[in-house]
Amino acid sequence: MLEIVRQQMICIVAPGWGGGAEIPKQLHDALDALLEDVAVVHFASIGLLPALAGAPNQQPVLVLELAVEEGLRPYDLLYRLVYHPDGAMWTLFGAMVAPHVAVPTAKDKEQLLNQLMSWHSIAAGGFVGARDRSVRQIKMESDLLDQTRIEARKLKPKYSNDRTAFALALARWAYANPRFEWAVKPAPRSYWRGKGASIGAKLAYPVAAIVLWFVVLGIVWALPRAYNWFFGEPGHVGRAIEDAVTKTSECLLTMSWHGLLAFALIAFLVWLFLVPLPAQFVSWRRWLNSVQQELDRPTQTLSSLATYAGGWLIGVPLLLAVAACALAYTVAPLAYAVAPDYMINVVEPKLPKLTGLQIVGIAVVAIAAVLCIGALFYRLNRRFKKLSEQFFHPLEDDVPRAQQIHPSIERCEADLVDGTQHMFSLTELRGPPWWSAWCIRAALRIVTFAGRVFFTQGWLGNAPGIHFGHWHIIDNGRRFLFCSNYDGNFGGYLDDFINGAAVGTTLAWRWTELRPRAPALPEQPGIAKPRSFPPTRFVVFRGVKCELRFKSYARDSMLPHLYHFDACNRTVDQINLATGLRDALFGERNEKNDDLIMRVIET
Amino acid sequence: MRHAPSLSEQSHDIQGMLKSGFGSLTTSRFRLLTILDERLAKAWLAQLLDTGLVASAEQVGKPKQEKQQKEPLDAVVAIGFTYSGLTKLGCRETSEHPFPTPFRSGMGSELRAKLLRDEYRQWTWTDREGPGGGEVVHILLAEWKARGVASRLPAIDPHVFSVIEVGEDSDFFDGDGKLREPFGFRDGLAQPVIRGLRDQDGESLKQAREGARDLYDDRVVEPGEFILGYRNEYDELTFCPNVEGWTSASGRFTLNGSYLAVRQFEQDVAAFEAFEAANADFAAANGVSAGEKLMGRRKNGLPLSWKGDPAVPVSDSAADAFRYRVEDADGFMCPKGAHVRRSNPRDSLGIDVQSSIKSSKLHRLLRRGRPYREKSGRQGIFFIACNADLERQFEFIHQRWLQNRRFGALESQDDPIVGSQQCPKAFTIPDQPSGGEVSLQHFTQTLGGGYFFLPGITALNFIARA
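Chains as they are written, first to last, in this note's numbering: chain A, 1 to 603; chain B, 1 to 466.
Okay, chain A solo, but in the shape it has when bound (with noise of 0.2 Å):
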């Protein structure tokens, strides 16, 4: 399901540029022709990469974005791009494979596509915003959603104070045009947008999966019965295979139930001092929202220290306390039946043996406690306010050379303050290298799912506008190269980040750093000095809320665009906009899809 998602982003990352810092003008209209010819591209982007340090060839690497339709493999993709009758791949990467070759043979062509396909890099995880739809179809949509318009300015005079009416006469409108035939279709949406959008689908897979895991456990179960029921009673071998998938699926079964309660148990606890308590305790909400604040600090105060602090003393002892009893319940069965005697004997008598009740009575004294403890320190800084603020002041801080742009960054933006904005940007992977790939992948599969089940109206988290975010790990896994399509600005972005989607980019970024590094070509933005990216706290807090910190890192590691395509140039809201009016002029004429249409026609 993920491959999906991140086939449509690729990066072509071609070392070897002997070209200049500008894109000709004849390629570049070659570039835009042919990927408007194939019509399958939403954006293609192409910059320069400055060379590995060590590598043999140091002059610019050069790097083709290409975000693409869903279901279209990368082969696919670049077979229609080099075979293409313009010829504009071979123009600009022909150089790069087989030197002073102006008109490729057949066997030059599948040299170039074999080496782009050695140098393509599927995302290692992405965002797609509202782009699950296709080329053709962003276009047509957009194309009904401005004849309706032209449309309804002419029926407004007959139809101005009746909204059924005048919706009913916009979609019979529609239907009669034979240009939108097409969209008596409802609207093609990929599975988790369409079908599987509900929650109850969304709930339904980890539910069947879970009964299924039993339903197998059973049958594994009665397997051998249903042998010896058919054949009659087994001999010793047989007996013994009995006995052995007995045990094993009994012991599974009941490990699989353990599982299942504590992680129950676990969620339930998440929900209660989360959710329940907060709305119901004043103080407990307000000191869990400071906990959050203060691990979320910029700028360091005495009290986000403590609370730190205080984290690792208590909260990561608790946490690992309550997932070791949980380990420990869900394995128990496998250790009684390893060792029944040592578990008997040896374990047991050392537990407390507690009824029921007890228990219960314990968890309700622990939790009011929890919430006393939380009450008693709102209860404090409330008490002493000029402790308090003492407390909660921030201390001294220093970013250095913060809010600085290079020009050809600036120039960039300035260039597409019009339509779609884009961005490269280039970092290096911290530490051992494989280390911090391995928890980049993890952490941008995870996004990436919850981008391709969760958050599906086009906003990441609460951060709205993005077409295609992608990130990749380039050069053996030593490089972090970060490419987007967005609307908007690129400081407006950033924000969007930071109050949307700060534990998704933390966890996307956070394992990466800054080193020194020569501009690509002159003009361009180098490195003068390395940096990190900014401090965390328990791996996901702080980070990217480092406001000046983050942007400084994030402008720092931008990397001017050379070309820039972009299909259709509509922001996400006009593209959802557009679906919304095709359901609502040819589905059901119902209030709610009346309203939509009048909405669509107002501007």
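A couple of the hints might just be wrong.
Calculated Cβ distances over 12 Å to all of chain B for the following chain A residues [as the list claims (entries may be wrong)]: (1) D37; (2) M117; (3) V211; (4) L212; (5) K247; (6) G311; (7) L320; (8) A323; (9) K353; (10) I362; (11) C372; (12) V540.
In silico SDA-like pairs for lysine to any residue, Cα to Cα no more than 20 Å straight-line [claimed, not checked]: (13) B/K114 x A/G419; (14) A/K158 x B/D328; (15) B/K307 x B/R323; (16) A/K385 x B/P5; (17) A/K529 x A/R478; (18) B/K361 x A/N462.
Residues from chain A that keep clear of chain B, each with C-beta distances beyond 10 Å, as calculated [to be verified]: (19) W182; (20) A326; (21) I367.
Read the hints as simulated data drawn from the structure, not as lab findings. Cβ coordinates follow ideal geometry from the N, Cα and C atoms, glycine included.
Since chain A is already given, all that's left is putting chain B on it; use the hints.
Same frame as chain A, now just chain B:
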């Protein structure tokens, strides 16, 4: 580990305009100076500082009782410098803490013209050479006075400064002491309140809270959004650039300062009145004029969604206590593209009310401009916006909200009042069952613009005397 400076202990060093809009000083005049002689310019600055006209936040915006005990200020001056002005006066930024790129690059530059989406510029003044032309200025001198008070500014020698005067001594306050801009709208209502530096020259805190009901916190913004060196809405200390030779132990050169985004707008009152007259039917049918729909507020300052009797006067705090998302999501009252809704979308753009309010607080401006009038009759607004991060505040609002033709779900429409799109252009007024459009001409023209740095008073002394 040392604590960062505390705002309450630094108000003596913060220029007064960051605390107060000087509502009781009804006359204003703005001058733009170009330095011709650096040495004499410094001497003049020192002279200005000696007059005591550059008031600190500690001296202004006090409660009425306190004012009665002491002699109230009858004239105040604020002074800001462009990047080239600071350079001219010998301030060199340090390599570790340089000024932010937008300030260094200047509003007048070609790059910023593109980023700010100013389609066409023909400026009389600017902060840096660029496509709009205009004289490059170095200093902004803003003067507020009580009616009838003579200026105590030291004489400005034409051999030291070339001066552009923006209007005469202008007074746009009506008989009730309320400021109205040339189109006739109440001005200066939706101001953020700086946490820990509230202007007390008006309603008391209790009155303001009562007026705003439970929406008072929507307007309270952390000081670091406007004053450098303090905690901002991200809970982080705002970046303070520094200059060579600055030795103060309490903080860097820019501590207690702010950036000013300044634009001089000329307002075409005749065109606006003609627009209102042409749409008189709309006003008769809706009880709200088409001009009020463009602005997004009634002329008396009440929101268009006001449910009470609009003729009954209410406090400024109550008039500014409203949101959009719940009561006016579709813009039936205040159109989605109206000027005030674009410049401060309040709770309307995010995923829910709380996150939208939080997010909109990252893009607030403290407006300290005033209307102006020239002898020739030309009038307009000299817009001054104080902010601590030009890119995140002024430039973001200008580029993404005011000049964005795809703002919200709109199509090919920029701001109806200050947008630079070619005219005639359309403006959507949503309504039931479906709204309509009106055609607009340009009602304003930008005559000049620049970024200025408003230093703290110690830094001002450093500039003048170091």
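Q) Does the structure break any of the earlier hints, and which numbers would those be? A) 14
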